[in-house]
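> Numbering (full-length UniProt numbering), first residue to last: 1 to 769.
These are computed hints drawn from the structure, not numbers from a lab.
Here a beta-carbon is modelled for each residue, glycine too, at the ideal position from N, C-alpha and C.
A couple of the hints might just be wrong.
[To be verified] Derived Cβ-Cβ restraints for the label pairs, each shown as a range:
(1) Thr-388 - Trp-280: 26 to 32 Å
(2) Ala-22 - Gln-317: 38 to 44 Å
(3) Gly-38 - Arg-298: 56 to 62 Å
(4) Gln-5 - Ala-101: 50 to 56 Å
(5) Ala-101 - Thr-388: 27 to 33 Å
(6) Pro-560 - Gln-231: 21 to 27 Å
[To be verified] Taking lysine-lysine pairs in the DSSO-like style, the calculated list, with each CA pair at most 27 Å apart, reads:
(7) Lys-57 - Lys-315
(8) Lys-35 - Lys-57
(9) Lys-615 - Lys-516
(10) Lys-328 - Lys-315
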Amino acid sequence: MVQAQIYDVQGQLQFSQGELEAALESWQRSEAAYKQAGDVQRQMLSRIHQVQVFRAKGLYRRVLLTLQELQAFLQDQPDSIAKVQTLQWLGDAFRTNGNLAEAEDILRRSLALAAELNLPEQVAAAQLSLGNLEQSRFVVAFDQRQGRAALDHANAALQAYRAAAAMNTAAIAAQARLNTLALLTSPTIAQWTSALQFYPSVEVSLSQLPPGRPAIYGHVKLADSLITLKQNTQTQTPPWQDIEALLLTAQAQAEDLGDMRSHSFVLGTLGKLYEQRAHWRSAEQFSRQALALSQALRADDISYRWQWQLGRIFKAQGYTQGAIGAYKQAFDSLRTLRNDLVAANPDVRFSFRESVEPVYRDLVDLLLTPVDGTIAHHKAHQSRISQTNLEQARTVMEALRIAELENFFQAACVETTVNIDQAVDQGDPTAAVVYSILLDDRLEVILKLPRQPALVHYASPVPQATLGNTLVQLRRNLQRGSLQGLTEVQTNGQTLYQWLLQPAVEQGYLSPETIKTLLFVLDGPLRLVPMAALHDGRDFLLRTYAMSLMLGLELRDPQPLPEPDDLSVLAAGLTTPPSEEANNYVPLPNVNVELDRIQAAGFSGTFIRDGAFTKATLQRDLMQDDYTIVHLATHGQFSGSRDSTYILAADGRVNIDELGRVFRRHQQSPEDRLELLILSACKTAEGDDRSALGIAGAAVQAGASSTIATLWSVDDEASVYFTETLYQHLGQPGVSRAEALRRAQVALFDRYGGRPRFWAPYVLVGSWR
């Protein structure tokens, strides 16, 4: 037992000095010694100490797996500090992975148990973790443009941080105050006056910490917040020299510890400080030193930051080629991360748009900027960008879209796919790919035409804010139930058409005689509106082309639907939402009529109605046959957040993970795969331009080649007519799913006098054939 305690203390000393590998080895030895002595509680504490090492090294997947093992082991053990600690860190790990509801449940259990056992330090730690959870929810809500909810979560985070700081545990109090300042100085909160008043208390907290990793990272985080504060205000407080002094103190401590990871953060933040002051030589010098350390550690989650920083430094000085080179290195580092990106630094996971996405967009901006710096406005046939740069720009944006999907799933999206260019060239010579890229000052479009090796390129110089306002107005007017908004729809739709498509149409690239289907790869808020609502000045795009939305350049091999006699349908409908959702959703009285119309169209299959529509029943019936089409007539919501993506069954919400389990059937052969998932009564989260990720997520979890869904809630009676017409056209030989959807929408247009609320919300995502 004495030897185990020696190993334990030795590990704590080594960890405080930044000797991570040595600390891990000591704690592994103490775990083995405690196990041999039969001391289960101390054995588990030694295992928990090892988790500290994994966290410090950025091995967040290892953290989650180890904590899950510990939780399973401790479940039947008496309540103890080990159980409290495990629950708290497990909650942190779930938060990092985006499972926010589970994280809150676990963290509240940890808090309650810590209070019951009278463990003030663990109470403070749980409060700190709950504050971090609310901050994560704030980021998600802000991304979804849920302003009121975002503010509520921010206030809840600040309240939890105050509670943690009040416990007077030095390290936790310092971290709580640091997190408070980081939240106050985030661009989305921007409480600059409060931040100016608050930051001295953070300095006081940091001064009470002994030299070590917490103190080093605390100084770095404080400096980073103060740099942001000075970036966004004209204040002279604090002076730049004071921020520099913070970092020099941290640098000395990192050098004394010999901790390369924290040292890299210190040097990189010094580079950032000099970048803000336009001291380019020092900025480059410190950024390169930081990069050398992170590369020696093979820490790509840090390296990409300093490569990105060097790119900004070169760009600011007009060194375009040097900037492109540095950005490409950052891009390569992010691609190396791939599956680990979403489980990398938790700060990356919940600040994707701030800390990852700009790397891709800045690189694309450089690749698509002509040498003379001018934009090729409406000159689709005279692009001054090389084909190499156009290909690279699409490749970079494709990697961003994959990163978005993996950020959504918290896992790598690995599936056999084909390139959309190849699918168009070899499978459908009447389809063209419209690839859009939103940059700060313009909308870029790269057009892929069938069997044409050269890409067509043009740009419309429109600020993002202007484009965003037009899209918001268009979506709002589309959802109006009367004809009063039709003029505004046509005006907004024509403006968007002029930016996105008119240059190509004017040059004859999209002649309806040769191009029948447009495949849109849309960027950002362009996903908020249906492309069918674009207007060419004479009519809606719906009248001219069939359309499908693509999430990127790769997709499941698009095959035509089987012959009508070979189509089989599983259809499920829910008239009345479960009781717990009664306040959120109205009944759908025509759902059973909708299912009747599918049967009347002559499709064989299985039909599940109302109370029988449970998760278990759906899963059972999916196991019994290989269906071509699954049709779900029920409420639901799609969002860029996993927690807000679900459908309703009679026994409650089916979230995105449960949907995957429900649809997990026998391994599908290419001949028996699910071709089409139809979600006829769902909606996308209001204002969330990543809602398409939720639709795509449903398709991926269901194993479907494509999905037909609605961007907003539709009229129940109109949905019946849409379904009837859609299946009539799906049952016709040689009619693609995109063309069947177009014809059904045209029928709705004619039936409801052109009111877009009825015909516009339907979109096809994925295979168009």
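> For Lys-328 and Lys-315, compute the direct alpha-carbon distance and say whether it is at most 27 Å.
The hint holds at about 13 Å.
> Is 26 to 32 Å right for how far apart the beta carbons of Thr-388 and Trp-280 are?
Since the Cβ atoms of Thr-388 and Trp-280 sit about 29 Å apart, the hinted range of 26 to 32 Å holds.
> Starting from Lys-35, check that the Cα of Lys-57 is at most 27 Å away, please.
Satisfied, since the Cα-Cα distance of roughly 26 Å is no more than 27 Å.
> Lying within 56 to 62 Å: is that true of the beta-carbon distance Gly-38 to Arg-298?
violated (40 Å)
> Gln-5 and Ala-101, beta-carbon distance inside 50 to 56 Å?
Violated - the Cβ-Cβ distance for Gln-5 and Ala-101, about 40 Å, lies outside 50 to 56 Å.
> Indicate whether the distance between the beta carbons of Ala-22 and Gln-317 respects the range 38 to 44 Å.
Given a distance of about 43 Å, which is inside 38 to 44 Å, the answer is holds.
> Against the 27 Å threshold, does the CA-CA distance of Lys-57 and Lys-315 hold or violate the hint?
Violated, at roughly 32 Å.
> Regarding Ala-101 and Thr-388, is the given constraint of 27 to 33 Å on their beta-carbon distance met?
About 46 Å separates the Cβ atoms of Ala-101 and Thr-388, which means 27 to 33 Å is violated.
> For the hint 21 to 27 Å, verify it against the beta carbon of Pro-560 and that of Gln-231.
violated (54 Å)
> Below or equal to 27 Å on CA atoms is what counts here, so check Lys-615 against Lys-516.
violated (39 Å)
Checked against the numbered hints listed earlier, the structure breaks hints 3, 4, 5, 6, 7 and 9; every other hint is satisfied.
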